[in-house]
Amino acid sequence: MRNTLFAIIAASIAASAALGADAPPVSSAEGRDNRVPGALPAAQVPGTTAPAASRFIYATPEEEYPPYGGLPKELWPFANTEPYYRYFVTRMPFRGPGRDYPPEANLKSLRIGLVDAPKVGANWERSVRTREGIVLAMEEANLERGPGELPFDLIEHEGIAQWGGAANLAAQLADEKVLAYLGTIDGTDAHVALRVTLKTEIVMVNTSDPDQTLTETQIPWLIRVLPDHRQEEGRLAELMVRTCGCKRIAVLRAGNRFARVGAHQFEDFARRLGCPVVQELLFSPGATDIPYQIAAIKESQPDAIFFLGEPNDIGRFAKQFRQAGVKARFFGTDLLMEDGFLQNAGDAAEGTTFTFYSDPTRQDPLWTEFSARFKKRWGHEPDTYAAYAYDGAEILLHAIRISGPNRWRIRDGVYNLDYYQGVTGWMRFDGTGSNTAPVCIVRYEKGRRVFEPQVEFAPPSNAGTLTRSP
Amino acid sequence: MKNRLSPPFAIVIGLASALSHAQGMNAPAPAPGAGPLPIPVVSRFENFGEKDGIPSHKVHCVLKASDGRIWIGTPNGLCVRQDNGTFRRYGTEDGLSHLTVLSIAEDPATGDLWIATLQGLTRLSGGRFTAFTQTNSGLPNNVVYGVAVAEGTVWAATAAGTGAYDLRTRAWKPYDQTNTVMNEPWCYAVAPGKGVIYLGVWAGGVVEHDPHTGTFKAYRDPDGEFHIALATDSGPIVDVTSWVAYDQGILWQGSYFGLARYNTGSATWRTWVQDKTPLLSNFVNTVFAHGRLGWVSTDRGVSVTDGDNWVNYLVDKEGRGVVRIYRPGKPPETRMMTTALPDGFIMAVWADDHEAWFATSNGLSHGVFTVSSDSSALTSNP
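Going down the list, the sequences are from chains U and R.
Just so you know, we're using numbering that gives the first Met the number 0 here: the first sequence kicks off at 0 and counts up by one.
Just so you know, we're using numbering that gives the first Met the number 0 here: the second sequence kicks off at 0 and counts up by one.
Only chain R is shown next, with the shape it has when bound in the complex (with noise of 0.2 angstroms):
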């Protein structure tokens, strides 16, 4: 093939990946610039849509549950995909209390999948569906952007603050402007953290709770300005958080103004924007934390990154894959793929060491990661 990839660089995208998966995502990652890749780097892209089953071009979100089946949330439904690669749908017939599914979240100690709708929030359970909505329980609103499980409660961001639910009494407690630092109760995501609970407010940046004390606090803008980002890596991107992910003392924030992290152990904020930075765009959906990277759902792609080192993943003008290297020190790296996420507008990932879910505006696509006998999938540049 004329632009099959150069066998050093395949050797380098190999390594990493071998790497990656050899010391799990715990390892400490080398100096900037050197060593392999500390990020796993997708060969290749198979894409799912309407002919395997999926009631929708749209995906808005994606789940690889502990018994390894894949769920998606659509426009039209609930949906798991079958030994037989098909999709099997669910739909307010079944129980689910609205067609459009926007989260999903799974109960780690019962395995019980929470289900965020635009009408209620919905628990699947032994393979019974069960909705809670504002009229027949305790949830703040029926719109429900983000779901999470922690400790035995379940935690819904809606459009009139976030809902807890205790499972175990059955009880719900609403968190808006009334109980909390909030100035508004608009929240659009929660995310788990070391014994404290991140929420994604409209307006009121990161509010951070720890339950146990029933303490608050918030993470702002600094300047406090829609318009500009006085400076870089000060604190939360912009006020108006639209995602919030955690894992291994790393917060993201997704915003539609960039990327921001707060490094928990440290203290420390960073802060990414497209054009100076490579975020491929500032309109990020959502973020998946795995270990210490963040996948990055934007509209322009996907970005996955430790904070120094990057991959991006495109789709060129002819529909082709594109993935972009970033390390820090070196100018970036750029390679045809020969095969392509479906749509470059991506609404969620999903992924662990050893692949990555995409949910997009136009399918859902499963990527396989980079091992050092498949590089062939990548190919030099054009």
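Looking at chain U on its own, in the form it has when it is part of the complex (with noise of 0.2 angstroms):
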């Protein structure tokens, strides 16, 4: 494990008036705020990149969320019972003391956590996108800073490729006096950490691990920005049966945890949509040839294959279930949206269609600003990880500036957010403090990923005042 202190310093020659415009949600014992957003005003602060306080949207008092992510009932569990008990209704509150305690004394800046993934395996390359995008926020927050103010510092650690790893790093983190982090890159990781960071009550932003169970814990210090295999695949589930008919659909998924999780969660959609799947068959990731995979799966006659694993596996075995003669159509998740399946499928790639999160054609100033900028630091076009990332980055710092160096009322700041317009769109967050923003469909055609039009979602107050360009 390496340790590396990377020192942002403030140039602090922007104007610190740019605050000015942020007031600070009013933390109550709960911390939430009241505001309701106007009509749409300026995305950013005059003469800064740092967001319009505009864009944050805070939950209120006992606010009620829809159940189940806001998914359409007939995918909800036991949909036709009412349950003893709903969860996630309202959102957890943290009811335990901090937002009156002192900073700590001599305070040289602001510390922001980051635990990357380890530099083995296939995260390494989303975690160095990832990365990417919290330092150009950090960089451009900076940038920011009036005289006088505390820059921003990012602590960052590799990922530790075992279990209990980012256990060890949460711990570290703290013993670092980190306010916040980010990470992880991994759904098993990012569990870990999380439940460490309950204990130590400093609140973790997740950027980039789609595993819907991570945010269904009720521990009140996490969010994660990035929708969720249960907003994928819910779409995928409703799209596969209801708009394509298919009938017959199988499952190939790499055998771990991460796929584990979500084929099952896709599974129970399609069965709840009368249509079980007919098979379920794993792989072991990084395998080149799979043939009595896909001989089973050939003898089951599927009209639609479901992949889940990492895209270079998938692209691999979907060139070579079209050589066995399987003409099934193919579906899967955002991470087919990687160059990887495209290369290794080639023309077995065509019709392939997958859930995204966010257009990244679309022409919203908020996202191309971004493109541009991001191209000029890092020289090559951001991906969704570098975007979420950015995002994600963006509402810890406003809150860090909101707050100041407190970590609970940094909590408020992160926790409480109903809505936020990032670069990425607007996000919604749900009674787990997850990202329910609708996913987009893409399909592969003739080499190219062509995005579904869609609606862009909005928050109530401000539907139907922002489009998506087709």
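Since the hints were derived computationally from the structure, they do not count as laboratory data.
Each hint should be verified, as a subset may be incorrect.
SDA-like, lysine to any residue: derived pairs with alpha carbons at most 25 angstroms apart [claimed, not checked]: (1) U/LYS318 - U/ARG247; (2) R/LYS50 - U/LYS72; (3) U/LYS72 - R/LEU229.
Using the hints, build the complex out of the two chains.
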């Protein structure tokens, strides 16, 4: 494990008056704020890249959230039975003390932690791009710090490729006095770190783990800015069963926790829509050939195959399915957006349909201006990991700006968000603290990714004022 | 005093306490709603904080050792209460493996203390600290949430499985997803039962292990869903277990989704959630089992219950102590107290038939039980 202290020194040249536009939300004992947005104001604080306060909409006391991530009732578990008790209808408050505790003595910077992925495995590249988004947000924030204001520091740790390693890192970040932290890339690590987070009372923002169970723990110290597998797979199941009329769906997934949790969620949805899957087969991540799985799936005569695993693997197997004469339609989740799938699948990618979070071809200024700044800083376009990491960092930085160096108030500023307009679009956080903004449908056509047109989601008071370009 | 407890109620409480003490907690419970309350009632809280030498606001855990000394675990070290009432602190400079102490257990055979921290397990024996970490021992992970000692084995619940340390052979044995029924190895609590060990597993419910036969049995949430509890009294309240505790045939499961109790004799489950039952909050940090009572530490105060009767201690907005008593078939009774817990966010409890100690997010509290001559500490309804 390496411990890198990445200090970003504030240039402190931006106008300190900029923060005036970001009047802090008033935290009650429950840390909530009643701000209601009006018409769309400027997206950024004038003269800066800092998001305007109007892009942050906070929960109202005892606010109720739609059950089950806002999905249609036909996808709910036991939908025809009123359960004894529903969780996540309201958001779990943090009732402990701390909001009036004084800051640490002799603070020299405002420390934000980051747990990267381990350098082995596919998540490392995603972690690098995540880091780029976070570093850009922090550099921009430091440029805008006024005279006398403490700079933000990034305290970064490379992940540990073993069960429980993230717990050790989360404990270490507490020793290093971070005010909050971002991470992790891997869902297992995020779960492990979260439990430490509850003990150390340091809020965590996850920007890249779609495991729907991550935020379903009632620990009020975590939000996730990325839409989760529940949103993706609910949309996919409806598309496959209702729209495409698929009747025999097979599942091929990696033999790991990530794919197990995701695939079982998808299978629940398919079953609830009246179409239980005909096969669920596993492969070892990195396997080159899977003749037995392909033969078994072919034998079941599927009209659709749902894939869950690393895109390089899925691309390779998609090609092998076509070579074996399997004509079923291919479906998958966000990972199929990555080049590795297209490269390995070749022509077999044609028609493959998958869900994705935020359309990178859209033209709204927040996205295009961010893309330009990102490209100027890093020399390449941002991908979804970089974009959501930037948004997650912006949420955290805003919370620190309005709360000061107090971990409990920072938690309020993060966890009590209902809506946030980021460079990836409007986010809508549910009763678990997970972003439930609608996901896109994407299809490969002649080697190109074609995004289905959709209306941009916006908070109720702004509904209809924003649309996404087809 | 205007709000003094009405005499009949004081007598009931006093009698209940006296009977509880006289009979011990093994006495058969009276018919629901009839007879004295089978739960001792705290008449006053004595609070301790930084002024008394406790080195942080938060106290994670508390243990009264067999020699009568009070030990607490904090984010800033291990402390013991001294004869003069102040607390002496031990830190990493003394040999503690990490400052953040999450749980403490005593070896009933030797009196040694085993201290669970965010970076290793530490033994305190004869005044000397010895640290066990994942690099110098077979401890599965450095983050140790819970620890227990039973039949010559130390059980440590860690972020990567439970480790069992045989005190005779000094050998470690890991329990994780490769050799048990756990899906994932994230263990958060361990409680010795009658010849078995109960493991509280994150997303794995409760795992019962018989070390003598090497067998495992998993108790899982029957509906398997996090968003709902489909039915009541049907199994663990959820699979995300935050704590387990056991005494006299009763297993308690704490979670952030409510509370569950398993009667090992009748093999029946009961469950409780906030708003629909007297349980103060779904957010259960820990449960302490004593006799057939569960002392339930929540983020809104403490609930004490035998499953039928409940005594809840809360702190109102003005910081005053409130006790609320629920008895089957009777309306709840709410009384103000002349003292209060220092905070409603309760991390852990230690209790016996005579007293209770509360680890809170704002210091430590000593609960003195009601005796018939001390009923003035409770006042009537405000």
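Subject >> Enumerated hints in conflict with the structure, sorted upward >> reply: Of the numbered hints given earlier, the structure breaks just one, which is hint 2.
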